[in-house]
Amino acid sequence: MRVALFLTCVNDTLYPGTGRAVVKLLTRLGVEVDFPMAQTCCGQAHYNTGYRHGAEPLARHYAEVFGGYEAIVTPSGSCAAMVRELYPRLGARAAAEGRGGELARVLAPVVPKTYELTEFLVDVLGVVDVGAYYPHRVTYHPTCHGLRSLGLGDRPRRLLEAVRGLELVELPGAEECCGFGGTFAVKNPDVSAAMGLDKVRNAESTGAERLCAADNSCLMHLGGTMSRLRTGIEPVHLAEILAGTAADTGGDIEEAGV
Amino acid sequence: MSGTFVGMPAFPAAAREAVGDATLRANLRHATHTIRDKRARAVAELDDWAALREAGRRIKDHTLRHLDTYLVQLEESVTAAGGTVHWAADADEANAIVTELVRATGEREVVKVKSMATQEIGLNEALEEAGIRAYETDLAELIVQLGKDRPSHILVPAIHRNRGEIGAIFRREMAGWGRPAPEGLTDSPAELAEAARLHLREKFLRAKVGISGANFMVAETGTLVVLESEGNGRMCLTLPETLISVVGIEKVVPTWRDLEVFLQTLPRSSTAERMNPYTSTWTGTTDGDGPKTFHLVLLDNGRTDTLADEVGRQALRCIRCSACLNVCPVYERAGGHAYGSVYPGPIGAILSPQLRGMGSEIDRSLPFASSLCGACYEVCPVAIDIPEVLVHLRERVAEGGEVVRNGARITVRPAKGHAAERAAMRAAAWAFRRPGVLRTGQRLASGTRRLHPRRLPGPGRAWSASRELPEVPRESFRDWWQRTQGGPAEGSTK
Ligand code: SF4
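Going down the list, the protein sequences come from chains A and B.
Residue 137 in my numbering sits at position 137 of the first sequence, and the numbers go up by one each step.
Residue 103 in my numbering sits at position 103 of the second sequence, and the numbers go up by one each step.
Possibly wrong hints are sitting among the right ones.
Okay, the calculated bits of chain B under chain A, using three or more residues with CB under 8 Å as the criterion [claimed, not checked]: (1) 283 to 294; (2) 371 to 377; (3) 478 to 485.
Everything labelled a hint here was simulated from the structure, so no lab data went into it.
Where is the CB? At the ideal position from N, CA and C, for every residue including glycine.
Looking at chain B on its own, in the form it has when it is part of the complex (with noise of 0.2 Å):
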């Protein structure tokens, strides 16, 4: 992935952070919350969604094992009608691909359709090197650009920002970008939404090349779709005389077909609408209709190393409607920039450390950063078990392990930070296979309760720096047990 990123602190440092800040905390909470209840009620609507999540399971899971074939076919369907269809290993190949592509045009600037793989692969950083100007057109990610800021969300990159901040950055930055803000403007969403539409409308109708991502990739037709709700996609879709789509392999279906289980489920688990409101599909070029020259830049980076792993594979199921983002408790208080990827919460823990690797601290912390609660797993629509690819991936921290990087097959070891943990872990395992051990140091633990501190200090103070110690009994039960013989009933609760 971009570099953007590198040098991130783990997760626990980083969500400290934002914890401590009560702005952000409301924002989110706000946010997800109302997010979280409307997606429900939609979801609660039909009747066959249980159905339906299944049937996107199913649809993925068989697309990502003919992963090939399905990619072969989607290349000759789109060459035949009139695109060009590029493969790239990694980031570092696709910004080329596309800044070559750009270059090639003559142009300095491009609109960009709201895209997380070039975010990914930190096209704009790149294009920007080269000397060419991306300009984003989705509203979230305008604010997130105009204010230098970094997206912490999949689908409202701005969610941690309110009106308040959003007015700010228009009447500061607009005029560094275009079209400057509106003379007075104020913090009305109505005069906020002008204000983009203003300073966007005119380079939707300057530009001469688009650059977008995209839903799906239809491998029957070579069609590409692409879901928004602003209008401000399809502009660059349609208007700019060449388009380049940078989309990662795994967002091929074999069959139109198969559109109409995600064109259900996706609407109702990102913005909880029933329908989406602005569905853009394109197939080539077409004389006389939209972009005259198209080129398709099919991404890896790090997607089928992630593929050979049968358990993590399953995280490329994923359809980017950040429904587990909105109901995760973690998240909502950490926020999304902890995450020091473009992919934060519950996706983007099993996501990051698979297609980057676990080289770095964060990618390491990442599977440590969620209780397990599972709220992500029940509201996904394709049926991507979070929970068992954290734990998967816990284990591919802890215990080191086989897996696959750039094709090849290696071994990594434990990481160096778990050594004691493992210690430990392996003498209470040691402990646990035999009772007796067990029994003595529950002994040793009450025969010294007196002594126990309600306090800790050293590494327990993460627990005890908020919460008290429970109190150790007079006896553990099974002594109790053996004592009494779970008898008499009379004191049989002292």
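Isolated chain A (complex conformation) (with noise of 0.2 Å):
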């Protein structure tokens, strides 16, 4: 199966510990990984902060760089709900305003082939325990996108109840927005801060050494607002720990989350 990584243009910059993790765990349950080079952004940002045009030739761009592949993996749920719910709107949209129905054609067949991590694992390799080991109390906050668009359900849950050595904690309130919302963080950053600060406490409340979820984007914001705080919780994406074996010492896992 020819498999391409979708690191999106956060992680490639901000988060290269999440990708290699991806590459890691995906290569150990014998998977085939590509890295397309050309790839860049989703164009998540564009659309939603009112620049559907911008975001067009972004869709392109997707389209034209994973359209040769089997299946596209992205450890991001938001962007996997930009593509899967969006790309489709992106079209109809363009044929509303009379431009015919090309560009709906051009991204129609990324749509289904892209899949959120954790989708990819439970639905097309069919696996829950991947083989990891992690010895942290985690608690794991289930981000909007993955949540309600991509409907991900209990696949995270059930990923992370199979890694042995993982305590896993409920978070209060765990289905409540973090409050980061891409541009909404900097647009609307005293209750943006406000929901944060809710989530933060709640995960404190927990007990746990990690905050796990499966999109960087908000674990950013939360992270940001826990190294703030001094909470002394560290951030950690999904893919990280479920990468981790009993070879790894730790270290470089948890590195790789902040």
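Join the two chains, each given in its own frame, into one complex according to the hints.
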């Protein structure tokens, strides 16, 4: 199976450790991973901020870069949701503007082939126990796009529960938004910070050492809040937990999440 | 909409104050979480909830598509049943019609059923100017009126008040509006309710004119429907000699059968009740029973313009249940007043800018007052995809485009304040089509990583006032990949 990693522009630039973890994990599971060097950004920030027309060339670029692969895996719920939920909408809106079905046709092939990491693991590979070892107390925050747009359901939880050494503790108010919301975080900083703070307080109440999510954008916001407050809780991407094995000392994986 | 909110600051500034008000946040948090949990339980009881939601969506979409037909049918039915129908294009017209109708009765006071439409047009203020006093009779509306306050929630307009504050308002203000608060009134809920009952009863028995809105209007029979929990609405609908109802044109449904869906979804979504306590219906006038004269004022006030927008029109499906407010993390922290409209919360953020147009700063900021978490869409009983409409309205602010205002198609220009952002977005889109440019930027950031501060000055403070910035890694993923081609496994997490 020819599988492409769509890492996302944020992870590529700021969280390369998450990318390395996905590669390590998938390789261990026998998947041949390619990273097309021409990849950049799915266009989500443009679209969600009101620059739909600015997002179109990025969506075309994505379709061009990834069109030839059987599956595209991304460790980001919101970028997966952009492709799966909003690329069809880009096409439909273009048609409604009298530009015909061309954009929809160009984008259509990559839509069903794009998987968020946990979907790919559970639905495509059919694994829940990925052979990971991660000796920490962890609480999990289901991000909004993963939860409500993609409907990831209990996939992340099942994957985490199968990790050896990991103690999973329930996050109170788990389904509430963390307050990141892309440009919302800077356009409405007070409300965003208040939401982040409540999320962090809830995480603290669990006694967890790690706050896990499947999207580094939310973790950037929460991690930044946690380190400012010196909570001692480390943010960690789910991929980095799943990549960890007994052979790792633990330090490598942790560093990647920060 | 009414002029009450003109000059509101943009949402982020208005929200800042609420976020800093610990009492307000505690009141809101407690109230919204209680009702949101109850709603979830009430909805979970029905195994056909998804089907009801879909039916509600379709009934509304069908009606909106044929709105002209159903409105004309409604007018015929109401007229045949002895009522009089008036058409109001905007708030001023509606206020003028109602004022004239009240004047014609010779009365100087009216009792009111809780109604969003009359708040939207600022009817109380318009009547006041004409020397007519309007008494709110819904308990929460009474609290707002006595407190010279503004509503902050669709269903519970005084949600921002706790009972200590309510007791103080009653003791201080009731005497100025009619029967004073009983001697020695405490803050106990039972005593507060009794004080309101005594205060209002006097008005119900005296009033000759009642004013209401309606939750639904049935085209086939000309029947109006009001759902409420207190019974005060029914007093106003039955005791006065003249009844005037001001209703938005989108409230029409074709048949009685359609009510069957909404009478299940509305109570569960709004108050988490299985069945609505007081459901009043009336059809024109009936000799010897209820008001002798009935007027229906059909209100447009931006609705036809909203209907012209393919994406935005779904906002007109709204049945004002307020489930989206109760579940919204932004509303919970910012409070209702920050939205600068009688329609706060997620629905307000998509409805106000469409009904009023985007001429004011507050209306241009509302589409951005959301993290797009999608909780509102999930609970909406008529499946309004609020995030979709928010993004659509953001586009109108950021990129401009064609809109319909007052029935005419016009092109709006992008908002001024967004010029720098627009330039940045354009630059980003340009770079993202060129992976080499992205890489150069990444290398530049990595090369200077030791120099990066954890806090930013200027506009960057919006991020770093509460959060550290992420550290830029030594090497981007793509550089690592090019160096190692994804292997060897050893050191691959380094
Ligand atoms: S938008 Fe939906 S959830 Fe919100 S008030 Fe209207 S009907 Fe209720």
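Subject >> Claimed coverage, the region 371 to 377 of chain B by chain A - three or more beta carbons nearer than 8 Å >> reply: Result for this restraint: holds, n = 6.
**OP:** Count the residues of the region 283 to 294 of chain B whose CB lies closer than 8 Å to any CB of chain A, then report whether that count reaches three.
**Re:** violated (count 0)
Original post:
Are three or more residues of the region 478 to 485 of chain B within 8 Å, CB to CB, of chain A?
Top reply: holds (count 4)
The structure is inconsistent with hint 1 alone, although it conforms to all the rest.
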